[in-house]
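Chemist: Spelled out from the first residue to the last, the chains are:
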Amino acid sequence: DAKTTQPPSMDCAEGRAANLPCNHSTISGNEYVYWYRQIHSQGPQYIIHGLKNNETNEMASLIITEDRKSSTLILPHATLRDTAVYYCIVRVASNNDMRFGAGTRLTVKP
Amino acid sequence: DTAVSQTPKYLVTQMGNDKSIKCEQNLGHDTMYWYKQDSKKFLKIMFSYNNKELIINETVPNRFSPKSPDKAHLNLHINSLELGDSAVYFCASSHSTGNTEAFFGQGTRLTVV
Numbered sequence: 003d004a005k006t007t008q009p010p011s012m013d014c015a016e017g018r019a020a021n022l023p024c025n026h027s028t029i030s031g032n033e034y035v036y037w038y039r040q041i042h043s044q045g046p047q048y049i050i051h052g053l054k055n056n057e058t059n060e061m062a063s064l065i066i067t068e069d070r071k072s073s074t075l076i077l078p079h080a081t082l083r084d085t086a087v088y089y090c091i092v093r094v095a096s097n098n099d100m101r102f103g104a105g106t107r108l109t110v111k112p
Numbered sequence: 648d649t650a651v652s653q654t655p656k657y658l659v660t661q662m663g664n665d666k667s668i669k670c671e672q673n674l675g676h677d678t679m680y681w682y683k684q685d686s687k688k689f690l691k692i693m694f695s696y697n698n699k700e701l702i703i704n705e706t707v708p709n710r711f712s713p714k715s716p717d718k719a720h721l722n723l724h725i726n727s728l729e730l731g732d733s734a735v736y737f738c739a740s741s742h743s744t745g746n747t748e749a750f751f752g753q754g755t756r757l758t759v760v
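Sequences listed follow chains A and B, in order.
Heads up: the first sequence begins at 3 in our numbering, then just goes up one per residue.
Heads up: the second sequence begins at 648 in our numbering, then just goes up one per residue.
If you're looking for bench data, these hints aren't it; they were derived computationally from the structure.
Certain hints may be false.
To be verified - To list a few chain A residues with every Cβ distance to chain B over 10 Å, as calculated:
#1 E16
#2 L82
#3 N98
To be verified - Within a straight-line C-alpha distance of at most 27 Å, the following computed DSS-like cross-link-like pairs (lysine-lysine) qualify:
#4 A/K71 with B/K718
#5 A/K111 with B/K666
#6 B/K687 with A/K111
Said to hold, decoys possible - Here are some chain A residues the structure puts well away from chain B; computed CB gaps all over 10 Å:
#7 Q44
#8 G45
#9 R101
Cβ atoms here follow ideal geometry from the backbone N, Cα and C, with glycine treated the same way.
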């Protein structure tokens, strides 16, 4: 169902930048890219979203390629608490259909 | 202060029973969702409601019946529980326009024995 593909797992050293890729080659012009994460068995947590411009907030940066077919979520200084499953989702902002793929399990190591 | 709250957090019940999970949000959102996360950790959308109207109903058995008495509540009633219903159920809410980030509840772990 998901319209995105992500690597199943990644490791990152504590304090280094974590770069999580996402492919969304069939994205439509009015679809946004959203990122969420799920820490252990908690409810998913919103991180960031964007349409075509790069975005940054207090949690992360989102880099979207010019053709919008892929994006990268960047956690600039990963900590152990960033260990989680990260989900990339594409959706029309006003659409109530929000579908998750398998996500990327990021493990931050000391 | 909890934005999206679900009750109960844990639910253990026998096959064949009927149970309900309640969800309330205090964020003023007009859209609410139910998701199921099974043992393989896939998070699947079950239902989506906008202003108390059913918008999305995935291929969910009709033993599952959502009820939205008002925009702030979306309860999930499950009849004739089966072993395969064991999972973690998450409620979420969002605006349908403007800033549409979704907020999730802490989940309800349902175990059918």
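Chemist: Against this structure, judge whether each hint is valid.
Modeler: Status of each hint after checking the structure:
| no. | hint | result |
| --- | --- | --- |
| 1 | E16 | holds (24 Å) |
| 2 | L82 | holds (20 Å) |
| 3 | N98 | violated (4 Å) |
| 4 | A/K71 with B/K718 | violated (35 Å) |
| 5 | A/K111 with B/K666 | violated (41 Å) |
| 6 | B/K687 with A/K111 | holds (24 Å) |
| 7 | Q44 | violated (6 Å) |
| 8 | G45 | violated (3 Å) |
| 9 | R101 | violated (6 Å) |
Of the numbered hints given earlier, the model fails hints 3, 4, 5, 7, 8 and 9; all others are met.
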